[in-house]
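*Asks:* Here is how the chains run, residue by residue.
2 protein chains.
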Amino acid sequence: MDMDVEYLWLGLAIALLAIAFAVYIAVIMVSSTMGDRDSKKGRRTRWIANQIHDGSMMFLRKEYEVLVGFVGIMMAVLVYLEVIGINGEHIEKYTWLAFGFGAFLSALAGNIGMRIATAANGRTAYAVRFSRDRGLKIAFQSGAVMGLCVVGLGLAGLVIVYMALGDERLDRLEVLYGFGFGASSIALFARVGGGIYTKSADVGADLVGKVEAGIPEDDPRNPAVIADNVGDNVGDVAGMGADLFESYVDSIIAAMALGLSATVAVTAGGRTGTVAGLEQIEALTVPIIIASAGIIASILGILFTLSIPRPGNPRWALTGGTVFAAIMMVIFSYTALYLYVGEDGYNTFAALVTGLAAGVCIGFSTDYFTSDHQLPAKSIAKAATTGSGTVLISGMAVGMISVIVPVLVVCIAIMAAHFFADLYGIAIAALGMLSTLGVTLATDTYGPVADNAAGIAEMANLGHKARKRAEDLDAIGNTTAAVGKGFAIGSAALAALALFSAYTEVANLDGINIVKPEVITGLLIGALLPFVFSALTMNSVGRAAMAMVQEVRRQFREIKGLMTGRAQPDTKRCVAIATSAAIREMILPSVLVIAVPIAVGIWNAEALGGLLAGSLVTGFLLAVFMANAGGAWDNAKKYIEAGHHGGKGSAAHKAAVVGDTVGDPFKDTSGPSLNILIKLMAIVSLVFVPLFAF
Amino acid sequence: MDMDVEYLWLGLAIALLAIAFAVYIAVIMVSSTMGDRDSKKGRRTRWIANQIHDGSMMFLRKEYEVLVGFVGIMMAVLVYLEVIGINGEHIEKYTWLAFGFGAFLSALAGNIGMRIATAANGRTAYAVRFSRDRGLKIAFQSGAVMGLCVVGLGLAGLVIVYMALGDERLDRLEVLYGFGFGASSIALFARVGGGIYTKSADVGADLVGKVEAGIPEDDPRNPAVIADNVGDNVGDVAGMGADLFESYVDSIIAAMALGLSATVAVTAGGRTGTVAGLEQIEALTVPIIIASAGIIASILGILFTLSIPRPGNPRWALTGGTVFAAIMMVIFSYTALYLYVGEDGYNTFAALVTGLAAGVCIGFSTDYFTSDHQLPAKSIAKAATTGSGTVLISGMAVGMISVIVPVLVVCIAIMAAHFFADLYGIAIAALGMLSTLGVTLATDTYGPVADNAAGIAEMANLGHKARKRAEDLDAIGNTTAAVGKGFAIGSAALAALALFSAYTEVANLDGINIVKPEVITGLLIGALLPFVFSALTMNSVGRAAMAMVQEVRRQFREIKGLMTGRAQPDTKRCVAIATSAAIREMILPSVLVIAVPIAVGIWNAEALGGLLAGSLVTGFLLAVFMANAGGAWDNAKKYIEAGHHGGKGSAAHKAAVVGDTVGDPFKDTSGPSLNILIKLMAIVSLVFVPLFAF
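Sequence lines, in order, name chains H and V. Each residue of the first sequence is one higher than the one before, counting from 1 in this note's numbering. Each residue of the second sequence is one higher than the one before, counting from 1 in this note's numbering.
Just so you know, these hints were derived from the structure itself, not from any lab. Misleading hints may appear alongside valid ones.
Identical copies carry no separate label here, and so any pair may be met within one copy or between two of them.
Only pairs whose alpha carbons sit at most 30 Å apart, straight line, appear in this in silico BS3-like list of lysine-lysine [claimed, not checked]:
| no. | residue 1 | residue 2 |
| --- | --- | --- |
| 1 | 572 | 382 |
| 2 | 40 | 572 |
| 3 | 468 | 638 |
| 4 | 648 | 638 |
| 5 | 210 | 654 |
| 6 | 41 | 465 |
| 7 | 378 | 654 |
Since we're looking at a predicted model, the values are computed, not measured.
Construct all of the structure, not just a fragment, from the sequences and the given hints.
*Replies:* Right, dumping it as structure tokens:
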């Protein structure tokens, strides 16, 4: 049973290498200046960057207070279920510990990502005073730190838990589900809380500042503008990072679970079973090997972006790194699989490439449907000429139509991956899509950092040139962020599907027959949850934004000299309002997502299978719909702002702004939260399987 | 095998009784005056009513041109599949004939309904000059004619086809599916075409008339106002009628198919199988008996509404008739089942009552979420005070939350009906919900007639009092229409579910295992279709409305004296534009809905099962979401118009109007079309089962 140990050590070493490399980049990044202490511009940049940093840390502190409570209670529940059990059924020993460890690592990755992103905000702004390229480099460096920490901590954590199980690891794989559950829980809070925070601050800042007070975006007189900048870090950095940490960890766990279950029945009979040509121990080690290969490929991709000449076309440098990493990944994984299992690895390799290719296709599709250079956003912009009603109808239609490509791509990926390597292949495809996460997440995280840098450049008055360069970087970031969202959704769907398959295997269900009334009931309830969840999160944004609007109005009314610039706004108060609203509002949806699958599973394990399928299907579709409609509205507005249909200030522009207001909670709160919903429900089901009587 | 024949004759007799009663009411209704030929008001009323009538008939004629072509091609295809077949597989003999017959009867019911509704428009308007009650009576009479024709023609047609099969009827039940397919095809065209027509005319009339030219609603100077009135008939009368004709016929067919399949395997072995305590021939006759009992109950309900004193509270008279019919239905069906099969009928009766109760619950829920007296619409109205962005977000959230009750009610109904009588019970529950359709449809159809009467009262200048009374009737109609929509969706979901169950039985599938990659692929594609379908229909409305806007603008510009009332608008041209746009735009979505299930079925019969389940789930959810969001937006606007938050003309009102504009295609085009989509795909699957290799 020990033929895998050397590979586990190797995986751990590579994971630690990723972390070491992240530390190295972080040190370089932090050594760049945030501005001269002696110059006024430097002091102002520092001051604003510190405010954003403090606001972000305040959110994290508050969030941790809730998280520590939640994790504590959940660990107590898991200990109870392990020691006392229900109806004589117990969950696996030390699940609680793995849960806590997973939660800790996910929170740690988020924390590091936030710190580095807030550190990069001011530095990027200051750097663009000298050249666009310097800014790009700093912003991308901070993204790389985040990306490498996510994959490094994720893989290291998994391998440590797996190795800690010792010789019993194949019999007690369930403990790994606890690790995934921990990561998922943190992801839920980060995505939902972060999504509510960022949009309430954004809407609050825009509604009163731009519309009522008539001051420009990112104007330092606006009390909510710091909260808005904090929101970019909280939502797009920490939220996105936790989301993908979860997908990454979950797809490795699902692959291991499916590898085990596909072979366990046969090996129990004394013979050696195989899945996709792999023997049991191989099937369990291969996901770790693939992840390791992916980390090396990601590091090379990051080096590629940082070292090639970028000034000409910065967009190309970002895409280039991702593509280079993908090519390296194909070569490395082929080699690694060949070295490990020889020709038996071909099928797994094919499934892996399927996932990689699917990720690329979904990225292209997202880019098409949301880019302001393409027909969909332009058609929304045209609809803006007849008012906000038509903007909304056409945006809705674009969002709905945009679901076609991702769904068909995922369907093809499912069929192909299953053809190559059965259900195991689906998990491997999910892992394939996520294998180069180190570099793709770096590109995603780059976006919000560039966005904030543009804001700081404006607020600190760093000059027209710096502002223009920062905006260039921001524009590139918008595209990478949209593509990143599509990628996050696609990988969430595949990961959830793999977990769902693992659930049916682990729960020993012969199948899940939709014709049974319990299953169709489960399917309907599962399909219902994403709708309810989206409604709850949208309402939360509405309430939180309302509170923010009132506070900003109050400050403009009560603080004398604010509009003339002689008095400072009370930005801390706005940050505090968004923070407490986000924390308060994230609780109900979160409880719902954890409680419902457990309740349904206790009622009927097959119905729970239906529930998972139902939530997967509507969650996936709604998430794509919301993300793409939101992105398309956003870019339709930008297209008009670029001078079409009357440009900024025209009636068409006003109509487009309404579309963007609706699109904001769509694309940044409700839509992304659904990624977590579908994965979390599946991992919850896996963890609590022993309690569901069959 | 002939022990059922007397009941079949009885069913046919009762169906013909319904038609005879419809003719009787129609004669009474038509005998009431549409206005004195000698008075100016009378002539004006007649003239407008005739214009609406002509416009409606023009739409029908155009629609029939396409329908005849479609039905002809489809019949040819069916003949080909019967005679030549594919891969040696043939579909059942004379399916093509049943298809044509079903299509013909559905079209006939729609035609009668439209004629009677357009005849009632002017008469109701003229009648309210004397009293509100007279108007109510005429509008309800026209609805009763429609309701009775739908159930009468539906049941008569089914029984005729079934009897025509003679002694082979149990072996050749598949021919009945052809009848359902015919009805469904017409329903699709009527719903989609009607929905596109009504909203393009409505948006066109409002956008230029109310917003640009600044003339009030229903102003005769507006060239699109007649088209708008025609739209109410085309969409809400013909579309709704065809939709429910299909649900009604489909649920009877599904119950018969499930009754047969549940018992056929056993009887083939020489023993007598039972379903829910019923023997084979009983299980097949019971649906016809239930439908017959429902027709009698509906007739009594209609008489109740027409004969009780109504002046005090007209809303009560309408609800009273529906409730009275439901109570009668419980008594009649219990008695009929007891007389027919004795105590063996208890289980079936219980399933039936489950469906009736579920219909009532869904109706209440719809009323709550859309009524302007309840919290949801009021909260949207409050959101209007901060602009159209918040109106849209809160309306979207209301629509999404509103899905909870209908989904849970349907889930409980499924579990309960299945508990009582297996899959057969689900079909019986669907039939139970629809059994009193004769009177519920009368109440639905009443709405658009009252709406148009209010319009005519305005246009023909029938005086302030008449206008006020007609608006009272219209307000009641809005509630009944919203409840009717909820009811149509709920019954569509149950009917589709019953058809889906029938498909799995007829296709001899052991079950539909969602864990298989083919099935999950089918599930995803099925779930995708309602999104794509909604996007297509919303875009169609957008395009058609744009054409209408241009035509209305042109007329205001080119016809001199139009604004001052000295020249007449060219209303015919507007009607023609809406007609041809609707007909053109309905083709692509329709082809999609018929072609996709056949293609998937030929690929894999189990995947087709997944497809049906997927489309059922998202179609149902999206339909409820769209209908309720649309209804809530509409009533939030009305709530503001009633004087809240600044009333008509305030900023809040303008914001609410945007919500209503988005809600219109939601609730009147895309949402209702999804009802047809889910049923039609299921019946298509049933018809083409023989072609799907297993």
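*Asks:* The structure should be examined with respect to each hint, and the outcome stated for every one.
*Replies:* Hints and how they fare:
In this assembly of identical chains, residue 572 and residue 382 lie within 30 Å of each other by CA distance solely across copies; the values are 29 Å between and 40 Å within a copy. Proximity of residue 40 to residue 572 under the C-alpha cut-off of 30 Å is restricted to the intra-copy arrangement: shortest distance 23 Å within a copy versus 72 Å between copies. Proximity of residue 468 and residue 638 under a CA criterion of 30 Å is satisfied intra-copy only: 15 Å inside one chain copy versus 47 Å between copies. Taking identical chains as interchangeable, the C-alpha atoms of residue 648 and residue 638 lie at most 30 Å apart only when both belong to the same chain, with a minimum of 9 Å there against 33 Å between chains.
Both within a single protomer and between protomers do residue 210 and residue 654 lie at most 30 Å apart by alpha-carbon distance, with minima of 12 Å and 20 Å respectively. Taking identical chains as interchangeable, the C-alpha atoms of residue 41 and residue 465 lie at most 30 Å apart only when both belong to the same chain, with a minimum of 14 Å there against 72 Å between chains. In this assembly of identical chains, the alpha carbons of residue 378 and residue 654 lie at most 30 Å apart whether taken from the same copy (16 Å) or from different copies (26 Å).
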